[in-house]
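These protein sequence lines map, in sequence, to chains D and Z.
Per this note's numbering, residue 286 is the first one in the first sequence, and the count goes up by one each step.
Per this note's numbering, residue 1121 is the first one in the second sequence, and the count goes up by one each step.
Treat the hints as calculated values from the structure; they're not laboratory data.
All values reported here derive from a predicted model rather than from experimental measurement.
Be careful, since some hints might not be right.
[Unchecked claim] Under the rule of at most 20 Å between Cα atoms (straight-line distance), these lysine to any residue pairs were calculated in the SDA-like manner:
| id | chain 1 | residue 1 | chain 2 | residue 2 |
| --- | --- | --- | --- | --- |
| 1 | D | 640 | Z | 1144 |
| 2 | Z | 1220 | D | 539 |
| 3 | Z | 1215 | D | 301 |
| 4 | D | 317 | Z | 1147 |
| 5 | Z | 1220 | D | 354 |
| 6 | Z | 1215 | D | 640 |
| 7 | D | 640 | Z | 1246 |
| 8 | D | 640 | Z | 1147 |
| 9 | D | 595 | D | 717 |
| 10 | D | 637 | Z | 1220 |
| 11 | D | 317 | Z | 1325 |
[Said to hold, decoys possible] Away from chain Z, derived, C-beta distances all over 10 Å, residues of chain D:
| id | residue |
| --- | --- |
| 12 | 294 |
| 13 | 313 |
| 14 | 329 |
| 15 | 519 |
| 16 | 596 |
| 17 | 658 |
| 18 | 680 |
| 19 | 727 |
| 20 | 734 |
[What the hints assert, rightly or not] A few chain D residues facing chain Z, derived, Cβ under 7 Å:
| id | residue |
| --- | --- |
| 21 | 296 |
| 22 | 299 |
| 23 | 330 |
| 24 | 558 |
| 25 | 629 |
| 26 | 633 |
| 27 | 642 |
Even glycine gets a Cβ: it sits at the ideal position worked out from N, Cα and C.
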Amino acid sequence: MLIDVVMPQLGESVVEGVVVKWLVEVGELIAKDQPLLEISTDKVDAEIPSPSAGRVAQILVKPGETVPIQAVLARIETDTAASPPPPEPAPKWDEETEGFPGHMARTSEPPIPAPPRVEPSVPAPPPPPEAGRIRITPVVGRMAAEHGLDLSKIPGTGIDGRVTRKDVEGYLASSAKAPEVKPVAAKAPEVKPVAAKAPEVKPVAEKAPEAKPVAAKAPEARADGDQVVPWTPIRKKIAEHMVRSKQTSPHVHIFAEVDMHRVAGVRAKAKLEGVSLTYLPFVIHAAAKALRETPIMNATVSGESTVLKKDIHIAVAVDTEKGLLVPVLRHADRMSLREISSAMDDFGARAKSGKISPDELSGGTFSVTNPGIKGNLFGTPIINQPQVGILRLGQIVKRSVVVEADGEDSIVIRPMMYLCCAYDHRVIDGVAGNGFLYRVREILEAGDFS
Amino acid sequence: MEIVWLGEIAYREALELQLSCLDRRATRRIPDTLLLLTHPHVYTLGRAGDEANLLVPKESLAAEGIPVERVGRGGDITYHGPGQLVGYPIVLMEKPDIHKFVRSIEAALIDAVRAFGVESRRIEGLTGVWAGERKIASIGVGIRKWVTYHGFALNVTTDLSRFRRIHLCGLKGREATSIAEEAGKVPTMEAVRDAVAAACNRHLEGFA
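This is chain Z alone, in the form it adopts within the complex (with noise of 0.2 Å):
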C-alpha cells in the first residue's frame, strides 16, 4: 500500500484529491493508497446525517469562518481539525467486504493507538475505535466505482470541546477522547502517523 503524507489540507481539496486518486484506483494506474493528513477545523455531515445533531446555529460556526459540509460518506455528524489524523485509503475492492474493510481498519486504529499506551477497543454496532466509553477514532467509508473513499479520523491531540457542539455521530450521550486525554502525555502527529501507516499496511491488505 502506497502512503502519502499530505500535511494540513482542506476539506474539499482533500475530497477532490480523493475522487482523483479513486479514478486512477479504479482503472488501475495506481496501487491501493493511503491518503494521511490533518484538516483545518471543519463540520462534516455524512449522507445518514441529522443536522439537528449539530448543537450549534451553523450560521455562528461560518461567523468563526468554520465550514460545515454534508459528503457522500456513511455515517452522521463528525469535527475535524488541528491535531487529528485523518486517514483516506483508497482501495479497490475486488470483492468487496465493507464490513471486513471497516473492522480492519477499526484492528489498525487499536493497533495503532497501543503504541502510545492506549487500549482500545469495539463496540459491536457502533463502529469507530473507543477507549473505554469514549470514541477516539470516528470511521466513515464511501465505496465508488468498487474503490473505497473516505476513511478514519484518529484523535492524537485534538481539542475535545470542538466535540461538544455536535453529537457525535448522532450519539448522544457519547463523548470523544484523544491518545493525549487517554495516554496522559502528549504524543508527535509525526509518531502517530508512522504508527498508524504501519498498522494500515498491515490490516488493509487483500481486498484487492
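So here's chain D without its partners, still in its complex pose (with noise of 0.2 Å):
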C-alpha cells in the first residue's frame, strides 16, 4: 500500500513550513518513525517521523520549498515483498512508541476530487478540504495565479516532472506576453490579515453577512488539461478581504490628470546631486499634505462613527522578491522628500532579506499603490480595510497637452499621469474627495516640495 507523508499540523496558527532537508532518499528501505525529513517554521525546526516501515517511493517537495500544512511530502510503499527484501527494521525505541501522534499518515488519494475517506487504522484529524491535492507549491500555485498561467503549458524540471519556481520565472521572463493582472489593491491585504481582524469595521460587518461564500460552489465542468489550484492561506485572506471590502464600502473612482513635468524636474535636478528619486515619494508626499488639509480622508470607520486619525500613517504597497508588503511610513506628513524616499528604499531592501517587522506593516490610516511602469494608464484600487481612501498611480506617459502662457495656448510635451482616488461614500462626500484629489494636483504640480 502506498502511504502518504504529510505535512503535519504543527500547531493552531501554523499554516506552512519550510522543508530543510531530507534524511533519506528515494528507494531506500525505513523503519517506522523513522526521521525523514527536516522542516523549519517560525524559530523551531522540527524531524519529521516516518509514518510507517517501508520504502521510500516519491519524495515530491525539494529542500527550501515552503508547503502548507496537510500537503503530500513524501509516498512510502509498506509492500516492501513485491521489492527488494526488507530490512530489520529494529530502531531501539519503535516498541514503545505506540503513544506517538500518528497524525502523519494517510493513505493515498486519487489526485483530483475523491470523497473524504475515512482513515485505515490512524485516528488521523480529518484533512482539510483541499489536502493531499497540492502538487505545486503555494509559491508556483501563487504566481500561476497572479499571472494567469496555465502550469500544464510550462515544462517542468522539478521532481516528478513538476513545475517549480525557477520553471514559472523562466517561463515569465522567455515569454514577455505575461500580462500583468495582478490586482493593485491585493497588494493591500496581503500581509495585513490584522486590518482583516480589524475590531473597528465589526458593527458593519455583523449587519453584512461576514462569512458570505467567497469561493465558487457549484462544481464546473472541468476539460482535461485543466489546473485545479487550491488557495493558499494568504490568497484566502487576500479574497475574503477583498469580498469584504466591496461589501462594505461603496466606492467611488475619481481620477485626476496630472502634469508631473515639475516633478520630472525636482527629479532632475535630485539626479545631477546623486540622489536619485523616483515619482512614488512624490506622490506621498503630497497625499500626505492634503490628508492634512482633508481629515476625512485620513479616518477609519469604526461601527457607526467614522474615526479621524490624528497621525498620518501611508501604507504604502512595495512589491518585493518575496512577494508584496505594504509597510506603513509613520507620520509621513513629518517627512521630507528625501526621507520618504530613503525610507521607502531602505523597506526595499529589507524586505528582501525578509527583515522587516510585523510591527511596520501595520497602523495604516491612508494607502498608496503604486503599480509600477506596467501599471497601464489607470486602474480602480480597491480600499483597504478599515481606511477609507486610496491612492493609485497610472502609467507616466508623455503626451502633447495645451498649456496656456501669457495669454497664448500652445502644444507642448509634458510627462502626464492618471491618479485614481478610491474613496468610501459611506462617509466621504463628493465635494471633499474632489478636493481631497484636486489638491493632491495642485501640489504635485506647483513642483514645490519644501
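Got two chains here, each in a separate frame; can you build the complex from them with the hints?
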C-alpha cells in the first residue's frame, strides 16, 4: 500500500513550513518513526518521523520549498515484499512508540476530487478539504494565479516533472506576453490580515453577513489539462478581504490627470546631486500634505462612527522578491521628500532580506499603491479596510498637451499621469473626495516639495 | 516537570545530554524535564544561520579558545557564556503546537524577569523576549521524535559586548540586554534560576 507522508499540523496558528532537508532518499528502506526530513517554521526546526515502515517511493518536495499543512511531502510503499528484501526495522525505541502521534499518516488519495475517506488505522484529524491534492508549491500556485498562467503549458524540471518556481520565472522571463493581471489593491491586504480582523469594522460586518462565501461552490465542468490550484491561506485572506471591502464600502473612483513636468524637474535636479528619486515619494508627499488638509480622508470606520485619525500613516505597497509588502510610513506628513524616499529604499532592502517587522506593516490610515511601469494608464483600486481612501498611480506617459502662457495657447510635450482615488462614499461626500484629489494634483503640479 | 540544575557545562556535552534525555522522554521513561545550566563562551549557529552574521573571523575566536558550533535548532546566530541562564526543556508533544510552545517559553521568561523589576515583552514576528527594543532572552527550539530540545538563553549578567561580535539572531541593528543592565542591580544566578524554574513549571504544562 502506498502511504502519503503529509506536512503535519504543527499548531493552530501554523499554516505552512519550509522543508529544510531530506534525511532519506528515494528507494531507501525505512523504519517506522525514522526521521524522514526536517522542516522549519518560526524559530522551530522539527524532524518528521515516518508514519510507517517501508520504502521511500517518492519525494515530492524539494528543500527550500514552503509547503502548507497537509500537503503530501513523500510517499512510502509499505508493501516491501514486492520489492527487494526488507531490512530489520528495529529502531531501539520502535516498540515503545505506540503513543506517538500518528497524525502524519494518510493513505493515498486519487489526485483530483475524492470523497472523504475513513482513515485506515490512524485516528488522524480530518484533513482540510483540499488537502493532499496540492502537487505544486503555494509559491508556484500563487505565481500562476497572479499571472494567469496555465501550468500545463510550462515544462517542469522539478521532481516528477513538476513545475517549480524557477520554471515559472523562466517562463515569465521568456514570454514577454505575461500580462500583469495582479490586482492592485490585492497588494494591501496580503500582509495585513490584521486589518481584516480589526474590530473597528465589526458592527458593519455584523449587519452584512461576514462569512459570505467567497469561493464559488458549484462544481464546474473541467476539461483535460485544466489545472486546479487550491487557494493558499494568504490567497484566501486576500479573497476574503477583497469581497468584504467591496461589500462594506461603496467605492467611488475619481481620476485626475497630473502634469508631472515639475516633478520630473525636481528629480532631474536631485539626480545631478547624486540622489535618485522615483515618482512615488512625490505622490506620497503630496498625499500626506493633502490629507492634513482633508481630515475626513485620513480616517477609519468604527461601527457607525468615523474616526478621524490624528496621525498620518501611509501604507505603501512595495513589490519585493518575496511577494508584496505594505510597509507603513509613520507620520508621513512630517517627512521630507528625501526621508520618504530613503524610508522606501530601506523598506525595499529589508524586505529582500525578510527583516521587516510586523509592527511596520500595520496601523496605516491611508494607502498609496504604485503598480510600477507596467501599471497601465489607470486602475480602480480597492480600499484597504478599515481605511476610507486609497490612491493609485497610473503609468507616466509623455503626451502633447495644451498649456496657456501669457494669454496664448500652445502645445507642449509633458509627462502626464492619471491618478485614481477611491473613497468610501458612506463617509466621504463628493466635495471632500474631489477636493482631496484636486489638491494632490495641485501640489504635484506646483512642484514645491520643500 | 522535572527540573535539573547542571551548573556550567560545555555546549557539546550539554547537547549529548539533551539527546539522551530526548530519547528517554520519547519512550516515556522520564517525565518532561527542564535542564538549567550555563555554558562557557560559545557562538552557535542555527540551521538557518548565516556565518556572515558572525562579525569577527572564526579564526580569531578560535585563537581565544571560543568555539563556533553549527547546531540543529531553529534560528540564526547567538552567543552563550557566563552570566547567562540557559534552559533546555525536554518536552513531549503529544499534539504538537510548536508556536504555542515557543509563546509559552516567552511567557514564562517574561514572568520570571518581572520578579527582578524588568518589564519585557514579545515582539510579533521576532521570537524571543525583549526589554524595550533590546533582546533579553533568545529562543530556538528543535523537535525530534516529537520531543523538544534546545530552548532558551536568558541574559542575567552576561557580558553584552560579546553580542556585538554578531548580528544578533541575524537581525542587524538589534541589541542584547540583560537583567543586570535593565534592573540596574545584579541578581544572583541562583535567584534567577529559581524564578525561571517556577515560571516554566507554570507555563510549560499541558503539551503532553
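Check each numbered hint against the structure and report the violated ones by number, ascending. 1, 2, 6, 8, 10, 11, 12, 14, 24, 25, 26
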